[in-house]
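*Asks:* Protein chains in written order, with the working numbering: chain V, 1 to 251; chain P, 1 to 328.
It is worth saying that the hints were derived from the structure and are not from the lab.
Every residue gets a Cβ at the ideal spot worked out from N, C-alpha and C, and that includes glycine.
Heads up, some of the hints might be wrong.
As the list claims (entries may be wrong) - Computed Cβ-Cβ distance ranges for the label pairs, DEER-style:
no., chain 1, residue 1, chain 2, residue 2, range
1, V, R72, P, F106, 44 to 54 Å
2, V, G70, P, V201, 20 to 30 Å
3, P, P226, V, D207, 27 to 37 Å
4, P, L204, V, R72, 40 to 50 Å
5, V, R6, P, L11, 52 to 62 Å
6, V, G70, P, G10, 49 to 59 Å
7, P, P226, V, A161, 21 to 31 Å
8, V, A24, P, A313, 51 to 61 Å
9, V, E111, P, P226, 27 to 37 Å
Said to hold, decoys possible - Examples of chain V residues lying across from chain P (beta carbon under 10 Å, computed):
no., residue
10, G70
11, R76
12, L81
13, D84
14, G85
15, H88
16, W89
17, S129
18, A146
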Amino acid sequence: MNLAARSVTVTRGTATLVRDLSLALEGGTFLGLLGPNGAGKTSLMRVLAGLEAPASGHVFYDGRAAAEIGRRGLGRTIAYLPQDGRIHWPLPVEEVVALGRLPHGSAAVDEAARRAMAAAGVEALARRSADTLSGGERARVLLARALAVEAPILLADEPSAALDPLHQLEVMALLRDTARRGAVVVAVLHDLTLAGRFCDRLALMKDGRLLAEGTAAQVLDDAHLAEAFGVDAVRLTHVGEMVVLPWSRRG
Amino acid sequence: MPSRVVLGLGLVVLVLFCASVAVGYAPLDLGAAFGDLLAGRQSLSALVLSELRLPRAILGGAVGFSLGITGAALQGLMRNPLADPGVVGVSGAAALGAVIAFYFGFSASFALALPLGGLMGAAAATAVLLALAARGAGTVMLILAGVALSSLAGALTALALNLAPSPYAALELVFWLMGSLADRSLVHVALALPFMAVGWVLVLATGPALDALTLGEDAAESLGFPLRRVRLLVIGGTAAAVGASVAVAGAIGFVGLVVPHLVRPLVGHRPGRLLAASGLAGAALTLGADIVVRLVPTRPELQLGVVTALIGAPFFLFLLARLRGVES
Numbered sequence: 001m002n003l004a005a006r007s008v009t010v011t012r013g014t015a016t017l018v019r020d021l022s023l024a025l026e027g028g029t030f031l032g033l034l035g036p037n038g039a040g041k042t043s044l045m046r047v048l049a050g051l052e053a054p055a056s057g058h059v060f061y062d063g064r065a066a067a068e069i070g071r072r073g074l075g076r077t078i079a080y081l082p083q084d085g086r087i088h089w090p091l092p093v094e095e096v097v098a099l100g101r102l103p104h105g106s107a108a109v110d111e112a113a114r115r116a117m118a119a120a121g122v123e124a125l126a127r128r129s130a131d132t133l134s135g136g137e138r139a140r141v142l143l144a145r146a147l148a149v150e151a152p153i154l155l156a157d158e159p160s161a162a163l164d165p166l167h168q169l170e171v172m173a174l175l176r177d178t179a180r181r182g183a184v185v186v187a188v189l190h191d192l193t194l195a196g197r198f199c200d201r202l203a204l205m206k207d208g209r210l211l212a213e214g215t216a217a218q219v220l221d222d223a224h225l226a227e228a229f230g231v232d233a234v235r236l237t238h239v240g241e242m243v244v245l246p247w248s249r250r251g
Numbered sequence: 001m002p003s004r005v006v007l008g009l010g011l012v013v014l015v016l017f018c019a020s021v022a023v024g025y026a027p028l029d030l031g032a033a034f035g036d037l038l039a040g041r042q043s044l045s046a047l048v049l050s051e052l053r054l055p056r057a058i059l060g061g062a063v064g065f066s067l068g069i070t071g072a073a074l075q076g077l078m079r080n081p082l083a084d085p086g087v088v089g090v091s092g093a094a095a096l097g098a099v100i101a102f103y104f105g106f107s108a109s110f111a112l113a114l115p116l117g118g119l120m121g122a123a124a125a126t127a128v129l130l131a132l133a134a135r136g137a138g139t140v141m142l143i144l145a146g147v148a149l150s151s152l153a154g155a156l157t158a159l160a161l162n163l164a165p166s167p168y169a170a171l172e173l174v175f176w177l178m179g180s181l182a183d184r185s186l187v188h189v190a191l192a193l194p195f196m197a198v199g200w201v202l203v204l205a206t207g208p209a210l211d212a213l214t215l216g217e218d219a220a221e222s223l224g225f226p227l228r229r230v231r232l233l234v235i236g237g238t239a240a241a242v243g244a245s246v247a248v249a250g251a252i253g254f255v256g257l258v259v260p261h262l263v264r265p266l267v268g269h270r271p272g273r274l275l276a277a278s279g280l281a282g283a284a285l286t287l288g289a290d291i292v293v294r295l296v297p298t299r300p301e302l303q304l305g306v307v308t309a310l311i312g313a314p315f316f317l318f319l320l321a322r323l324r325g326v327e328s
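When you get a sec, could you build the whole thing from the sequences and use the hints?
*Replies:* Listed below in structure tokens is the structure:
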């Protein structure tokens, strides 16, 4: 699968949320999408997910536009994990995860749903009612729901935001593994070190524009961090990998 | 398991339907009545059966099913357990249509003017809602439009009462508005049932989409359910089923609000599975309340809408006190 955005602009009323942004991603790539609050990350994710048509520009899935594939087909092509996911009715966890099977015709708790629960480490919660979960448990259940789609594209908006350190590491490894198995994975992230360690590529947004795109070393340099976030960062090396800690307001 | 729930509720509805046919003010030999009816003999008992008992029981079941299934669908669409078929404004508009038919004297010259007026009122409100939905209005926008339509219809209904030519006319209007299944004929059934059936089919088609909406609107859409279409189906289906219900039976409150809550634990809280089960439970509750209406020896007869609200409102308070997990 190949996911491409060409000159995508997203507007809401008079505000421009994403400006003339282009990206091309091959299957097997894990892209970390970074940027300060309000940079347009979620707007870009919704356009990539086909939930919103861009004001101008195009998104292509293996060269085909969303309209060509249709909403049903997109359901099987893209798994989308929204930010602040809620579970509105107290369903058992396994049934929540199995909702990810709906694009394939039925929400039965099948092998794919069980695989997804195992991958996200929520098997033990299978029979629990969704309203008894902690924030971190719910985040992992919702990630399992997205994995259960078994789509060639996985778009996850802040999948690690509510998680404790161990589960952050596990979720990042899980997203990387999903990409290793051939999927295009895009995740909105705020932890620069985790993004640098686990992602194949990073994209840094600011004010709706793509400020930088490339490897962690290319994207997370002082100039980019200062321009995007207005911070000075500490950079260390541990077992050969880069640790980036935002340290102080710039200047 | 859920199919067992549906079967069980279906059995309850069947029993209550038979009880509803068996209960009435005049003693009736049901066996003879059915025999006469099937043989085409115009006996008094056959007439009582075909003109009074059967229409009343059929409408009780159909109106209750409409209220139950649409209440469940709206609560699923809005992911809000306080939604009720009345919120889309079609009930108020149907009531207004009937009141207009009554007020201008059409109903005096032509008995079916009331339900026809109700259907026209419902159709007008539905047209407004569907036009908004087709322009891409969100769920909250549609519900607010429904509330506005409801208020307008309520105000115009109050105006009609205010200007009623005589206190008797006003009283008759008020009684009609309370909701009842008394003295309805098979013509009423023929008038309302097709619209209700269309509504049920539209709403039932949204089952998987309502399940997906458990995860919110973006996630549901990403699972392949275009929300615009889901809204059209739920709002259109509700308008057809509830509009027709109000047109023939007046406003029967609380069934659509309370029944989904009662049934939800039985179907594991799945919004899609809830639809049919809630419809059947609505039918059972309405048939049961209509039996109570006829067994309680008051004159004038208690209005069905009064009884459902009397049972429903306190029960709803009780449910709210024990409800968990909806505020998170």
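*Asks:* Taking 40 to 50 Å as the hint, is the beta-carbon distance of P/L204 and V/R72 inside that range?
*Replies:* violated (19 Å)
*Asks:* Given V/G85 as an interface hint, is the shortest Cβ-Cβ distance to chain P below 10 Å?
*Replies:* holds (7 Å)
*Asks:* Is the shortest C-beta separation between V/L81 and chain P less than 10 Å?
*Replies:* holds (8 Å)
*Asks:* Go through the hint on V/W89 and say holds or violated, using the shortest Cβ distance to chain P against 10 Å.
*Replies:* holds (4 Å)
*Asks:* State, for the Cβ atoms of P/P226 and V/D207, whether the hinted interval 27 to 37 Å holds or is violated.
*Replies:* Given a distance of about 31 Å, which is inside 27 to 37 Å, the answer is holds.
*Asks:* Hint says 44 to 54 Å; check whether the CB-CB distance for V/R72 and P/F106 agrees.
*Replies:* holds (47 Å)
*Asks:* Determine whether the Cβ-Cβ distance between V/R6 and P/L11 falls within the hinted range of 52 to 62 Å.
*Replies:* holds (59 Å)
*Asks:* Would the hint on V/R76 be counted as holding, given a Cβ-Cβ threshold of 10 Å to chain P?
*Replies:* Hint on V/R76: holds, closest Cβ of chain P at ~7 Å, below 10 Å.
*Asks:* Do the beta carbons of V/A24 and P/A313 sit within 51 to 61 Å of each other?
*Replies:* For V/A24 and P/A313 the Cβ distance comes to about 60 Å; the hint holds.
*Asks:* Let me know if the C-beta of V/H88 comes in closer than 10 Å to any C-beta of chain P, holds or violated.
*Replies:* holds (4 Å)
*Asks:* Given a cut of 10 Å on the nearest C-beta pair, is the interface hint for V/D84 held or broken against chain P?
*Replies:* holds (9 Å)
*Asks:* Under 10 Å, Cβ to Cβ, is where V/A146 needs to be relative to chain P, so tell me if that hint holds or is violated.
*Replies:* holds (8 Å)
Going through the hint list in order, the structure does not satisfy hints 4, 6.
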